[in-house]
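**Student:** Protein chains in written order, with our numbering: chain L, 1 to 228; chain V, 1 to 228; chain U, 1 to 228; chain C, 1 to 228; chain P, 1 to 228; chain X, 1 to 228; chain Y, 1 to 228.
Just so you know, the hints here were simulated from the structure itself, not pulled from any lab data.
Pair ranges (Cβ atoms, derived): (1) P:Q184 <-> X:K226: 56 to 62 Å; (2) P:K226 <-> X:E54: 25 to 31 Å; (3) Y:L109 <-> L:F193: 44 to 50 Å.
Covered stretches of chain L, going by a simulated chain V footprint (3 or more residues, C-beta under 8 Å): (4) 37-48; (5) 58-69.
By construction, the Cβ of each residue, glycine as well, lies at the ideal position given by its N, Cα and C atoms.
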Amino acid sequence: MTEENNSTNSQYGTGYNSGRYPYYYGQGGRLVLVDSALEAVNRGSTTIGIKTPEFALITSHIKPTLPLVDPNEKIFLIDKHIGATGAGYIADIEQLIEEIRLQAQKHRLSYESPIDVKSIAKHLSTYLHNYTIYAVRPQAASIIIAGNDETGIQLYQVDPSGTYLKGNGFAIGYASDTAIEVIQKEYSKDLTFDNALELAKKAIEKSIGDKPRVESGIVTKKGFSKLS
Amino acid sequence: MTEENNSTNSQYGTGYNSGRYPYYYGQGGRLVLVDSALEAVNRGSTTIGIKTPEFALITSHIKPTLPLVDPNEKIFLIDKHIGATGAGYIADIEQLIEEIRLQAQKHRLSYESPIDVKSIAKHLSTYLHNYTIYAVRPQAASIIIAGNDETGIQLYQVDPSGTYLKGNGFAIGYASDTAIEVIQKEYSKDLTFDNALELAKKAIEKSIGDKPRVESGIVTKKGFSKLS
Amino acid sequence: MTEENNSTNSQYGTGYNSGRYPYYYGQGGRLVLVDSALEAVNRGSTTIGIKTPEFALITSHIKPTLPLVDPNEKIFLIDKHIGATGAGYIADIEQLIEEIRLQAQKHRLSYESPIDVKSIAKHLSTYLHNYTIYAVRPQAASIIIAGNDETGIQLYQVDPSGTYLKGNGFAIGYASDTAIEVIQKEYSKDLTFDNALELAKKAIEKSIGDKPRVESGIVTKKGFSKLS
Amino acid sequence: MTEENNSTNSQYGTGYNSGRYPYYYGQGGRLVLVDSALEAVNRGSTTIGIKTPEFALITSHIKPTLPLVDPNEKIFLIDKHIGATGAGYIADIEQLIEEIRLQAQKHRLSYESPIDVKSIAKHLSTYLHNYTIYAVRPQAASIIIAGNDETGIQLYQVDPSGTYLKGNGFAIGYASDTAIEVIQKEYSKDLTFDNALELAKKAIEKSIGDKPRVESGIVTKKGFSKLS
Amino acid sequence: MTEENNSTNSQYGTGYNSGRYPYYYGQGGRLVLVDSALEAVNRGSTTIGIKTPEFALITSHIKPTLPLVDPNEKIFLIDKHIGATGAGYIADIEQLIEEIRLQAQKHRLSYESPIDVKSIAKHLSTYLHNYTIYAVRPQAASIIIAGNDETGIQLYQVDPSGTYLKGNGFAIGYASDTAIEVIQKEYSKDLTFDNALELAKKAIEKSIGDKPRVESGIVTKKGFSKLS
Amino acid sequence: MTEENNSTNSQYGTGYNSGRYPYYYGQGGRLVLVDSALEAVNRGSTTIGIKTPEFALITSHIKPTLPLVDPNEKIFLIDKHIGATGAGYIADIEQLIEEIRLQAQKHRLSYESPIDVKSIAKHLSTYLHNYTIYAVRPQAASIIIAGNDETGIQLYQVDPSGTYLKGNGFAIGYASDTAIEVIQKEYSKDLTFDNALELAKKAIEKSIGDKPRVESGIVTKKGFSKLS
Amino acid sequence: MTEENNSTNSQYGTGYNSGRYPYYYGQGGRLVLVDSALEAVNRGSTTIGIKTPEFALITSHIKPTLPLVDPNEKIFLIDKHIGATGAGYIADIEQLIEEIRLQAQKHRLSYESPIDVKSIAKHLSTYLHNYTIYAVRPQAASIIIAGNDETGIQLYQVDPSGTYLKGNGFAIGYASDTAIEVIQKEYSKDLTFDNALELAKKAIEKSIGDKPRVESGIVTKKGFSKLS
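Extracted from the complex, chain L is given alone in its bound form (with noise of 0.2 Å):
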């Protein structure tokens, strides 16, 4: 959110607002409805996006549901090129998931041609920004974007605050700081397509201390598709 600070899995310190700030800010400027979106986002599925130059693959720890219940979905389709992934409460994911499909074929109408991915990251970004400005209920949930374009493959997260980053690996949800580590210590370009996996579900299972269920995705040159 802030710049020093573009992790999301940083300490929520106090966020304390007793009565001496106004509304939107809390102790030393700190975004308080935001902190605690985040605090939610924090408490979601652990998951991963990792990327090479010849594929990025999203995967999402699927947590154990009821026995009669199907797990929700968790990797999306967002067009032929892009997919995505997200963590925190799961009806603002999936709104979330359904404002991006909705501009990716507003792009296809408008010009005939896939949107980049940049531009989804951006306008995820501007309209999680949105909801920090007024007052209305930030959304809790930060969304992991993967995309080939003709720039390549991309790798994109956007967070409560409407702040997007660019990268070869990101974790969020639950314990995320400790996936995070587990997939940097190995990370490599060279990555095969099955390390990768390997490796995004050696990094939940860290995080979550127990085998991991994970639903992935995985976008190439050819678009992206998810796993079975």
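Could you slot chains V, U, C, P, X and Y onto chain L? The hints should help.
**Tutor:** Then chains V, U, C, P, X and Y, alone, in the frame of chain L:
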């Protein structure tokens, strides 16, 4: 609501908001108004959904009313191929039922074909989610939707946060923790309709500690009908 | 209001909202403003509805007024085939009565046929429910509607939360717990109109501990009329 | 306001709202803002309405003003056949008088006939009631309306909650409890106009403990006129 | 404001609103914001209006300003036949003066005749009253209007509640209680203009305990003019 | 602001609003938000306006800035014949300057003649006054306007309440009490421009206790120009 | 923000608002929400602007990111001849950058010429100022704008209050007090571009106590370009 918490039967800890956090969020990023709505849902009629490949059953406890008062209808026809039930404040349930009936009709008018069940669930999800963003009252009702479409028999649950779940068995309302355990133990894909109805009644009986009066509906490939 | 509580005569426990919960909901997910509205209803005139297959009677206690003041009309003609009465703040009752009269007229204009009784009850329900969602004042009135349509004689009760109930006997207003017990004991489907009127008066007398003055209306297959 | 309380002269107990209840309602479901408005009405000029089959008299105490200040007009012509008076904040009274004058004119323009007295009372009722639903200030004025129409001489009182009453005798404003008792004791349908005027003056004198200066208006079959 | 209190010079007792009553009303149904506005008026320049059948005089104390600052204009031409003055916040006074000037012009344009004085007073009354109903700031200014029309010379006072008074003598602003007493003692209908001006100055001098500098305006059958 | 207080350099006593009074007004009917705005003005640059029949000078202290930062422009051209300066929050000053520049341009377009100085002052007054009525932030800037029109050289001051003053000498901003005293002592209508500039500098020096850097502008019959 | 305080690096004393003052203003007329926004800016990346007659350099510290995360772009192309950088919340910075890019494009479309640098700074000022007037969140970002137009090379800083400054050297963000001191000591108009870049890096190093990674952009008579 949150991913780590995709049962609606969670404990609602303190839900405390003693001036420390601004309006929409409570401690740990919880949605305080939605948690209140869920408390009301948890005081509602114990209500069950069970699905096999052949049929889906929805059954709701009919609480004893005053001698001369008819119990409220709890099983609702949404469209020929879809039925629904719910737990929570009756007037909130009714409003949601009207909303999805209207949506099913609109779809028929626009596309001259029946709406698929997931679209109904997603529409309700979006409708409920909207109430969590602005300074209005989130609706205090969870809804179970049963339907049949080209992808087969479907069972969904949608809660006040806008989260929707798909599965073979759901329980909402009073002591739904107990009810769902009963169903989990005895559920099998080979259940006959009679088995399923027995199971639903047993689950409700365990929850309320009393012989239940219930209302039920069934959806098969032939469509939805209420049981008399 | 809640399903477990489909009598409006429940105790309004603490209803307490000492800053712990945000605006619309109180402890246990109660609707605090609606509970306040119901407290006002419970201070209103004891009001009775009794239905048999042949007729429906609505009777309301006419509280003693100052010597030179006419008592307020409590039995209202809604349409030829429908009458209504209510308990709560008079101006709130009047507004609701106007609303459903208008709705009955609109139906006649649009469809050239009388509106069915359930549609009136549902319309009033939706109208009242709307006041519970936004930062306005929920109306403090419960309404009993008696009517005759193609499905026969009908009796409904609608309360400030928007909940509507159908039945053979209702009591709202002051000491309605007592009133409804009297009716439950002596009700039978074979009651003549004279029996029913006696019963209603007896129930009100028990509630208020005094010989009541009442106003009544009756609906039969021939339509609604006020009694003089 | 409430049915059990159709005199506006009730005690306003505690009216207390120490953070326990949200905005519109106080203890026991009382309308706290309306109660405040009524407190202001009870500090207004003692004002009387008396009706017989032959005439209706409205009389309002004209409080002593500073020597060089004309007293405010308290008896208002609404239409040829209708007059009105009020107690409460003068500017609130004036606004309400303008509102019903306008309504009477609109009726003449639309229907080319004089408006009936009850329609004026109901219109004012709806107008006042609206101020009790939203976050605005309920008007602090009670109005007495006297008129003549096809149903004969009519006398109405409307208070800040929007409640309207019909009768033969009303008193509003300062010590109206005392005033109405005087009228009740001596009222008869055979009162001549002179008797009635004497009675009204006597009632006001008892209330204020002093020889009153009054302003009066009379409506007969021939219409309304102010007395000089 | 209230009828029993048609001098604006009343004591503003406690005006207390310690959380007990909601927003608009204070103890005893007082309009707390209007009372605050009146407190500001009572700190304004002592300002006088005197009327005889032949003329009306308006005179306002011009408080000593810093040596190089021109005093604010306090006597305003509204139309050829109407002048006005005021006490309270200068910017509030100016806005109200603009409002009635505009109203006078509109009348000339619509009816090709000068507006009567009472219509100006009523228009200002309605304009001010509106500020007392919604969550805005009631204007902190009382205005004295002097004019001549077909009914003769007229003198009105309008205060922040929207109350308007007609009379032969008014005093508003600082120590207006004292000022009005002086005028009452010596007022006669036969006052010449010179007498009246002397009287106004004397009243202001008594109020402020010092030789006053004043600004004055006079309206006669020939119209309004400021005195130099 | 208030008439008795037409210097803006008044003490802001307690300005206290501990829940006793509603929002806009504080103790004694003070405008609490405007008082806060004036506190900010009183921390701004000491700023002077001096007028003789031949010219008007506006001079503002230019506070020392960081070595590499240009001081903000403090003397603004409004139109050929009008200049202005201000004290308070820079961004508030700039907005007000833009507003009156626009107003001057509109006048030229509509009437093909230069706007008179008083119209500019009144327009600014109305603009600022509007911010004191609604739940927005009153602007924290006082403006001095110097201009020449058919009535000669003009000097005005407008403050956050919307009050405007006309005169020969004004001081606003830090220690303006001290500054205005210096000017009062030495002001004469016969001041040459050089005298006036010396006087303004001297007044600012006394206020800030240091050799001031200033920016100045002058308006004569030939129009407005900034001094280099 | 205030004139006496035209460095943004001031101490934010208590900023305390314990119920004593209404919403927008704190003690001493401080803008409490803007002060909070500035606190966030002061936690942002140390960011420098240096201007000579030949060029302007903008340089921002790129804080170390997680190993696999690309740092956010901090140097932005606004138009061919203008670049910008900022400190504060990234999403707020991005929104402001988009706003001025759009403004530059609109100018090209309307006037077929490049916008001048001051117009961009003023537009951003007005845009930010607007957020300080209403009950929304003032943006937490300060922006440095460098450009070239007919008046030569230009350097501006705009802060959350809407204040804009022009100069030869600016520092915003973390420990900007330290950074600006370094630049003040060594700045000269004869700096070569290499000198300036060294100086900017040195200033940032002093502020953060570490070898900085930076991103830079330069504007010369030929236009703006980012440095690789």
